[in-house]
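There are 2 protein chains.
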Amino acid sequence: MPDILHRVGIKSAPKKVFEALSTIDGLSHWWIVDTKGNAKQGGIIHFGFADMRVVELKPNKLVKWKCVRGPKEWVGTDLTFQLKAKKDQTFVLFTHANWKKPVEFMYHCSTKWAIFLLSLKDWLEREEGRPSPYDVKIHVGD
Amino acid sequence: MPDILHRVGIKSAPKKVFEALSTIDGLSHWWIVDTKGNAKQGGIIHFGFADMRVVELKPNKLVKWKCVRGPKEWVGTDLTFQLKAKKDQTFVLFTHANWKKPVEFMYHCSTKWAIFLLSLKDWLEREEGRPSPYDVKIHVGD
Numbered sequence: 001m002p003d004i005l006h007r008v009g010i011k012s013a014p015k016k017v018f019e020a021l022s023t024i025d026g027l028s029h030w031w032i033v034d035t036k037g038n039a040k041q042g043g044i045i046h047f048g049f050a051d052m053r054v055v056e057l058k059p060n061k062l063v064k065w066k067c068v069r070g071p072k073e074w075v076g077t078d079l080t081f082q083l084k085a086k087k088d089q090t091f092v093l094f095t096h097a098n099w100k101k102p103v104e105f106m107y108h109c110s111t112k113w114a115i116f117l118l119s120l121k122d123w124l125e126r127e128e129g130r131p132s133p134y135d136v137k138i139h140v141g142d
Numbered sequence: 001m002p003d004i005l006h007r008v009g010i011k012s013a014p015k016k017v018f019e020a021l022s023t024i025d026g027l028s029h030w031w032i033v034d035t036k037g038n039a040k041q042g043g044i045i046h047f048g049f050a051d052m053r054v055v056e057l058k059p060n061k062l063v064k065w066k067c068v069r070g071p072k073e074w075v076g077t078d079l080t081f082q083l084k085a086k087k088d089q090t091f092v093l094f095t096h097a098n099w100k101k102p103v104e105f106m107y108h109c110s111t112k113w114a115i116f117l118l119s120l121k122d123w124l125e126r127e128e129g130r131p132s133p134y135d136v137k138i139h140v141g142d
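Line order of the protein sequences matches chains P and C.
Numbering of the first sequence is given in our numbering, commencing with residue 1 and proceeding in unit increments.
Numbering of the second sequence is given in our numbering, commencing with residue 1 and proceeding in unit increments.
None of these hints come from the bench; they were simulated from the model.
Hints may be right or wrong, so weigh each one.
In this list, chains with the same sequence are indistinguishable; a pair is considered to hold if it fits within one copy or across any two.
[Claimed, not checked] Okay, derived cross-link-like pairs now, DSS-like style, lysine-lysine, Cα gap no bigger than 30 Å in a straight line:
#  : residue 1 : residue 2
1  : K16       : K100
2  : K100      : K66
3  : K36       : K87
4  : K100      : K61
5  : K87       : K101
6  : K87       : K64
7  : K101      : K64
8  : K40       : K66
9  : K84       : K137
10 : K137      : K58
11 : K87       : K72
12 : K137      : K64
Taking the hints into account, I'd like the entire structure generated from these sequences.
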């Protein structure tokens, strides 16, 4: 079964990237404006359309979530952001894994994750994130 | 083993989308400026860094390539663009399949394919494609 994989390199310190991935304020600047909840390990983050349990946090290295509510194809899937510092940038290796089937919605989400990781990059490099509902649209009606 | 999956919806007729995917001129407007070769079924298209054999063409429906030269991780992989007309848009379902291992380069290529499919969309909707070397960069040194 395919997983969704992505990588971006961000001209920012691992600490800043980790903050954007592991705090409610950070997440609201690049993924979903209306983010609420508890972003600490074991907490539940509410993204409106979905809830994520924070499974693991390694400061400046790793963020792991499990989807516990949301679109039926997402429930039970695992999301990982791994950070790798390299010279003047921090690479973010992203996976959205354990989908049950490669349904068409998965194709859509893969492209959408690229959009949001570029929003994360733009937020950290230029304070120009485009969190939902201000995200780049990828089809009519998106 | 993961495949790379993406989907975009383009406000354009299947015939126009198919042309952009199955002619040298079309491909040069959204993927690689310096595209050469023979884009007919059985032909080889030269993209500079890689060569693709055109395995299958179904007018306005499907384009399939096999990578026959290029980065070692790409050689032998299969690329598919499936078109689905729906009301006022054409969906492109893209796969880049049969990678041997989910190496970090695959994560990079997945994000990069999203960038290029959005370039295809922008080319067809607004004549604003960003083919390489004018593509959106996703890390320092990309």
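We went through each hint and held it up to the structure:
Proximity of K16 to K100 under the C-alpha cut-off of 30 Å is found in neither arrangement, the shortest distances being 33 Å within a copy and 34 Å between copies. Taking the shortest alpha-carbon separations for K100 and K66, both the intra-copy value of 14 Å and the inter-copy value of 27 Å come in at or below 30 Å. Taking the shortest Cα distances, K36 and K87 never come within 30 Å of each other, neither inside one copy (34 Å) nor across copies (36 Å). Taking CA atoms no more than 30 Å apart as the test, K100 paired with K61 passes in both settings, with 28 Å inside one copy and 27 Å between copies.
With identical chains, the CA atoms of K87 and K101 are at most 30 Å apart between copies only, with a shortest distance of 26 Å across copies and 38 Å within one. In this homomeric assembly, K87 and K64 come within 30 Å of each other (Cα to Cα) only inside a single copy, at 24 Å, whereas the closest approach across copies is 39 Å. Proximity of K101 to K64 under the C-alpha cut-off of 30 Å is found in both arrangements, the shortest distances being 21 Å within a copy and 22 Å between copies. For the identical chains of this complex, K40 and K66 are intra-copy neighbours only, at 13 Å inside a copy versus 45 Å across copies, given an alpha-carbon limit of 30 Å.
When the C-alpha separation of K84 and K137 is checked against a cutoff of 30 Å, the pair qualifies both within a copy, at 29 Å, and between copies, at 18 Å. When the C-alpha separation of K137 and K58 is checked against a cutoff of 30 Å, the pair qualifies only between copies, where the shortest distance is 28 Å, while the shortest distance within a copy is 32 Å. Taking CA atoms no more than 30 Å apart as the test, K87 paired with K72 passes between copies only; the shortest distance there is 26 Å, against 40 Å inside one copy. For the identical chains of this complex, K137 and K64 are neighbours both inside a copy (26 Å) and across copies (26 Å), given an alpha-carbon limit of 30 Å.
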